[in-house]
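Visitor: Work out the full structure: start from the sequences and follow the hints.
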Amino acid sequence: MIPFRILLGAVFTLIAGAAHAAGPDLGQADKQPLNVVAIVLFLIFVGMTLVITYWAARRTKSTADFYAAGGGITGLQNGLAIAGDFMSAASFLGIAALVYSNGYDGLIYSIGFLVGWPIVMFLMAERLRNLGKYTFADVVSYRLQATPMRILSASGTLVVVAFYLIAQMVGAGQLIKLLFGLDYLYAVVLVGVLMVCYVTFGGMLATTWVQIIKAVMLLGGATFMAGAVLSQFGWSPLALFAKAVEVHPKHAAIMAPGAFVSDSIGTVSLGLALMFGTAGLPHILMRFFTVRDARAARKSVFYATGLIGYFYILTFIIGFGAIVLVGTNMDYAANPAAGGFTAAAALKGGGNMPAIHLARAVGGDALFGFISAVAFATILAVVSGLTLSGASAISHDLYASVIRRGRVSDGSEVRVSKWATVALGVVAILLGAAFEKVNVAFMVGLAFAIAASCNFPVLLLSMYWKGLTTKGAAVGGWLGLIVAFTLTVLSPSIWRDVLGFPAGIFPYNAPAIFSMPLAFIACYVVSVMDKSSDQARIEAARFEAQYLRSQTGIGAEGATAH
Amino acid sequence: MGGIDMDAIEVARIRNDPAFLELERKRSNFSWSLTILMLVIYLGFIFLVAFDHAIVAKQIGEGPLTLAFPLGLGVIVAAVVLTGIYVARANSEFDRLTAEVVGHSRRSTVTVGGRLVETLR
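Those sequence lines, one after another, are chains A and B. The numbering used here applies: residue 166 is where the first sequence begins, and numbers increase by one. The numbering used here applies: residue 12 is where the second sequence begins, and numbers increase by one.
No lab work stands behind these hints: they were computed from the structure. Bear in mind that the values here come from a model prediction, so they are computed numbers and not experimental data. Glycine included, every Cβ here is placed at the ideal spot set by N, Cα and C. Just so you know, not all the hints are guaranteed correct.
[Unchecked claim] Chain B regions said to be covered by chain A (calculated; three or more residues, Cβ under 8 angstroms):
#, segment
1, 23 to 32
2, 40 to 48
3, 55 to 66
4, 78 to 87
5, 91 to 103
6, 106 to 113
Guide: Structure representation (structure tokens):
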């Protein structure tokens with residue numbers, strides 16, 4: 166293993182090099198001037214997170230430490246970390262940008278992201294905690310056959326993680342390009358290296374604390390920004406909305422659902438994906454194994470729901486604030502000579518930048534620097550969680566359970582997960598480079614659709630339905646994954662916008678309305694057809710013990726570990 | 012699989028434990044009712060947005076607000092409140108029942124309500 170100190174040095178060299186490389190760009194009119202506040206704040210954040218990683222690395226020895234922070238995270242800490250996972254660059258920059266472009270439509274996304282949480286609370290949180298160990302595949306394979314279930318869950322995890330990562334990496338690239346005047350690719354590499362560093366050395370403990378610190382910073386920064394916006398309108402949201410309607414080219418249309426309405430099926434489909442996808446996101450599900458018991462798991466969902474709801478209300482105000490204060494200010498337009506309202510795509514730094522520009526508009530260089538540093542920290546924290554989840558799927562599900570059939574030492578499993586982290590870092594950088602021009606909020610929508618169509622149906626049925634068999638779960642899960650993925654590739658947002666074909670073959674950007682019910686139906690039909698096989702009888706007989714453990718926590722993992 | 016698996020005697024004992032039966036019935040009713048309520052609220056909102064644009068786009072008074080604003084805000088508030096209601100009951104009443112079931116249990120150690128409950132065979 167590479168000594169931590171050497172890697173620490175390498176990271177600082179990379180950052181110092183980045184700051185230096187930005188120097189020559191100072192004189193160019195089309196780039197932002199070097200922002201000392203932002204760079205200093207960002208370096209402080211990175212320094213702090215590396216200290217935490219060093220601290221966490223000394224406490225991360227066993228697989229339980231690496232995957233689940235030793236099970237010692239409290240409900241409040243976990244709630245903040247979960248909220249942090251959701252307050253990603255995609256929701257902060259992407260939703261503020263959606264509100265900026267389309268007004269009310271941005272809120273539809275926010276609401277969809279939020280309403281998955283009550284469902285997770287009512288149906289899943291305590292059972293997950295009582296049944297699982299490190300990954301949600303532990304729950305799915307509790308009584309079903311390990312090999313097919315682990316392969317399915319790991320595939321579902323990796324595909325979701327890949328789509329989610331793309332969104333985050335693209336946000337990172339755009340942001341640092343704007344902030345440091347650096348090449349997009351250089352920024353993406355910087356994120357990749359830092360994230361690999363946190364996860365490899367600090368495991369879940371470092372990943373969780375990086376997320377907590379960032380969540381507090383982001384909530385603080387967003388609260389301040391929303392307050393600064395409202396203060397300019399006499400603390401009256403109505404005055405803000407009225408002014409936005411006046412200056413926005415779509416005028417009153419921004420006050421009601423707009424773009425989504427033209428596509429009713431697409432809207433409902435997206436709504437389903439956002440709601441049920443939450444309950445199938447591997448990096449979120451994993452967090453339920455970091456707390457002590459079902460009670461702490463429930464508390465963490467409540468804290469997370471409250472914080473996420475509050476945050477989305479803030480992003481809505483921030484988006485409207487940007488319409489008034491950024492859209493009409495030619496300083497933020499890539500081409501000021503054009504005049505008039507600046508469309509999101511025509512802003513300096515690209516379409517995801519309204520929130521960042523707004524920070525400068527209401528708080529000058531200091532707030533611009535702070536929000537830029539926080540937005541970058543957000544990306545780092547979220548990609549770390551995603552990468553840890555992807556690495557766990559490779560090491561815990563594929564390597565330890567499928568390849569080695571459970572006959573594996575703690576040490577070699579942790580070592581595999583660290584190498585998997587490095588590999589995922591490289592993949593994330595490549596994907597980030599490939600998807601530079603895509604709106605990040607859309608990408609996250611795609612990740613949710615796959616989570617809702619593959620991970621969620623299998624996980625829910627495995628906990629609730631005695632009749633689910635391995636064959637049924639495998640057919641349903643794979644069908645959900647493949648159909649959601651294929652329809653996504655054939656949808657306008659990839660087929661037309663990314664691959665450059667004239668029109669999408671599948672008319673909707675959100676496939677969940679078809680792929681999710683299909684997965685449930687396939688799980689049901691195949692399980693029923695399979696129910697008289699010997700394997701199915703064994704699995705049904707083992708349901709009772711699983712059910713009682715899921716309800717009471719008797720025999721649950723980590724119960725005596727502390 | 013990790014953790015401790017229950018044997019058939021243990022399964023049968025818990026199955027017939029009145030505390031467990033009460034827990035199972037109450038929690039199942041409660042969590043499914045709340046789930047259905049949340050689904051109705053959210054899907055109602057999404058279907059209105061998707062299929063009945065005229066209603067949600069209706070201005071409130073002189074504007075600029077439309078009906079979509081209180082509806083959207085209402086869904087957010089409902090999500091947080093329903094989650095809070097579930098935790099309040101689960102962390103008091105349901106955890107008390109769970110502790111009873113575990114107390115009757117003759118094997119294994121488990122944490123309930125943050126306390127380590129240890130029982131010996």
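Visitor: Hint by hint, say whether it matches the structure.
Guide: Hint-by-hint comparison with the structure:
1. Given as covered by chain A, the segment 23 to 32 of chain B passes the check, having 3 residues with a CB less than 8 angstroms from a CB of that chain where 3 are the minimum.
2. With 4 residues having a Cβ less than 8 angstroms from any Cβ of chain A, the segment 40 to 48 of chain B passes the three-residue criterion, so the hint holds.
3. Coverage of a stretch by a chain is defined here by at least three residues with a beta carbon nearer than 8 angstroms to that chain's beta carbons; for the segment 55 to 66 of chain B and chain A the count is 7, and the condition holds.
4. Residue count for the segment 78 to 87 of chain B with a Cβ under 8 angstroms from a Cβ of chain A: 6. That meets the three needed, and the coverage hint holds.
5. Here's how the segment 91 to 103 of chain B fares: 8 of its residues keep a CB closer than 8 angstroms to some CB of chain A, so the rule of at least three is met and the hint holds.
6. Here's how the segment 106 to 113 of chain B fares: 4 of its residues keep a CB closer than 8 angstroms to some CB of chain A, so the rule of at least three is met and the hint holds.
When held up to the earlier numbered hints, the structure conflicts with none and fits them all.
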